[in-house]
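*Asks:* Residue strings, one per chain:
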Amino acid sequence: MKRREVLKTLGLATAGLVSLPAWASGWTALDVTIESSTFSSSEQTILSSVADTIIPAKNNIGAIPQEVDKFLVRLFDECYEKDERDNIKRQLNVMNDRSMESFGSLFADCTQQERERVFLSFDGSDDESEQEFFQRVKYETIRGFRTSKVVMEYYHGYKLVPGFYNGNVDVEG
Amino acid sequence: MANLNINSKKKRTYDAIVIGSGATGGWAAKELCDNGLNTLVLERGRDVKHIEDYPTASKAPWEFEFRGTVPLDKRTGYGSGKRLRMETLHWQLKDDEQPYIAEKPFRWFRGYHVGGKSLLWARQTQRWSDYDFEGPERDGFAVDWPIRYKDIEPWYDHVEKFAGIAGDKDGIPELPDSIVQPAIDLNVVEHYFKEKINEHYGDDRHLLAARCAHLTDPQEIHLQQGRSKCLHQTMCNRGCNLGGYFSSNSSTLPWAMKTGNLTMRPNSVVHSVIYDDEQEKVTGVRIVDRHSKEMMDFYSNIVFVNASALNSNMILMNSTSNRFPNGLGNDNGLLGKYIAWHNYRGNASASVPGFEDKKTEGRRPSYAYIPRFRNVLEQESNLDFQRGYAVGVSAGRGSYTNTDKIGDKLRENILNPELNENWHIGTWMMGETVPLEKNHVRLSKDKTDKYGIPQLIISCEWDENDVNMTEDYLQEMTAMFEKAGFTNIDVEDTHSPPGADIHEMGGVRMGHDPATSLTNKWNQLHHAKNVFVTDGACMTSTGSQNPTLTYMALTARAANYAVEELKRGNI
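Protein chains in written order, with the numbering used here: chain A, 1 to 173; chain B, 1 to 571.
Any given hint could turn out to be false.
[Said to hold, decoys possible] If you anchor each label on the Cβ, the simulated ranges turn out as follows: (1) B:Asp-404 x A:His-156: 13 to 21 angstroms; (2) B:Ser-228 x A:His-156: 24 to 32 angstroms; (3) B:Asp-168 x A:Glu-172: 25 to 33 angstroms; (4) B:Asp-493 x A:Ser-125: 36 to 44 angstroms; (5) B:Leu-72 x A:Ser-102: 46 to 54 angstroms.
In short, the hints are calculated from the structure, not lab data. Backbone N, C-alpha and C fix where the C-beta goes; we use that ideal spot for every residue, glycine too.
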């Protein structure tokens, strides 16, 4: 596919998450959408906001600082079947409708608490496709966050090359 | 034109041809080359050079764009049943590479690249004892092994020194000690379990640090190979940039290459071994080039068949001639029969209370091992099965993250995982299966693959002995766990299919008598003494040990014998 070829030439397809160019510092990831995605600009904005809702940032650690939103867009574009992806897009737009109804704002413009309520309404839903959307997005957001470099190395003590095994370590405290 | 043909044939003539570049093919190549033989290794798959061709080695999880998930466009050609991961996708076989027919459920794992499954194996290594070699004779199944421990002992020494094995000197007769570097130590819970087993079962059962092909204290010979100490990355099946574990790619093949006597020819799908009816001997090997599909012949004095158990069967079955209409060496009709494997059906696990103040740090590429304890000294009259099972054991603490909520709480939970309340211990069985004539492989009479080679039909199934043995494992693990004070005991017969163990063997079994076996005590085909079969295909019985170490020792022994026989003018 042509767009994949373009991405490959730019070294983006396999080089890991898309990173902001130096001149774009001061922009947040929410402001920068992936041009080549099947998700529209508006859908990407909502998805970023969902990721931010699930794992909000504190001290620059969270879904957005760890670029989990970009991971989600690329993951759903490249690794998910069309029908699953279409459902995700559909539900993202439903989220916006629901936010407007409940709080008079687009999803991304609502507060953390308001966004949590809207997103959680999909979990309790009778509609299977709403539940599916909730489970998928929550699961992949957690996965993307958990396996990011900062979380693994700094918080989980992950070492690529531990060099040892100690099977008898005292737990502190 | 005639001159061109002669020159061309000369270029394709060697002292020895080795079919396959996996664990045993690599050893055959090394020994033959070390002895000055001009050796051709034919590997059906692509080349994989140590370090250069390990694209995912030493990559952290976040270095994979989708964290291991394989994008859709990379999944084409692989059946939906396959569990694909980006870390190891490049070792996977496309579905159309080699379709086969499983008449009964069978899982056939293949490693079609230079190095074969020596890149992918679990690196677990244990020696056989005479309790294993004497099994068929004592218990009246299969034919007598034509060798005993004393025949193979010096070759275990030989391959272990070169490969590098980590473990302890345990002093257990049924599991002879290896030449070892320091063991990768057990953890606190495994040590406790070991004590409890000793307390309740005395000298009858033992839990040990599993012996494995990892360098914990590299010696001069390993440094000469260009390999260094295992650093516990535990990404072994991606290939190791350190050569920290034994593989053909890191060890035997580069060594053979340095002698100047080795020619590697990857992308060479072996079609058959050539038997010349006029000369009344095997003269070489026929291949189909993987890319051009062209058929080519290579010639040699000696042929080593190390294509992996079922492939070695296939090649011999496909090697027909006037002398051998039913496959090379197959006068007695037993080629392809008595296929056996290891019973990996049983799992048993439990919670381990009482170690709340302990955890682990780092990672390890190995675990703990309980050697077979059933029917060792005799066929026990109170048991309803023959032979027995070894047990793999691994305990760990693990941690837990509550992901019920979303928002700040979720972030904090993920950043601060909690140690599980209790340690957990898991075990798996590795049972010997009794080879039965009805369990066999044969070639399809009408279906071929894309190389024009007949497809393999695999017809293997579980037997009552396997069911009863599995039951015993579940009962015994329950008893051992209970005696150790473990709780929440969970046992399961997974009914995994034959082949899931990846230790399928047999079909070209060794024996004294050409009427009831295919290969002799030197792994030579009885009826074609310049052909040696030293991979899993030669196994007369399966034992309960991880088999690769034994295959490698048999190979080194047979290769050195082949060189001597060649010098003596006998082959």
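*Asks:* Now tell me, hint by hint, if it's right for this structure.
*Replies:* Outcome of the hint check:
1. B:Asp-404 x A:His-156: 13 to 21 angstroms: holds, 20 angstroms
2. B:Ser-228 x A:His-156: 24 to 32 angstroms: holds, 27 angstroms
3. B:Asp-168 x A:Glu-172: 25 to 33 angstroms: Because 31 angstroms falls inside the window, the suggested range holds.
4. B:Asp-493 x A:Ser-125: 36 to 44 angstroms: For Asp-493 (chain B) and Ser-125 (chain A) the Cβ distance comes to about 39 angstroms; the hint holds.
5. B:Leu-72 x A:Ser-102: 46 to 54 angstroms: For Leu-72 (chain B) and Ser-102 (chain A) the Cβ distance comes to about 36 angstroms; the hint is violated.
Going down the numbered hints, you'll see the structure goes against just number 5.
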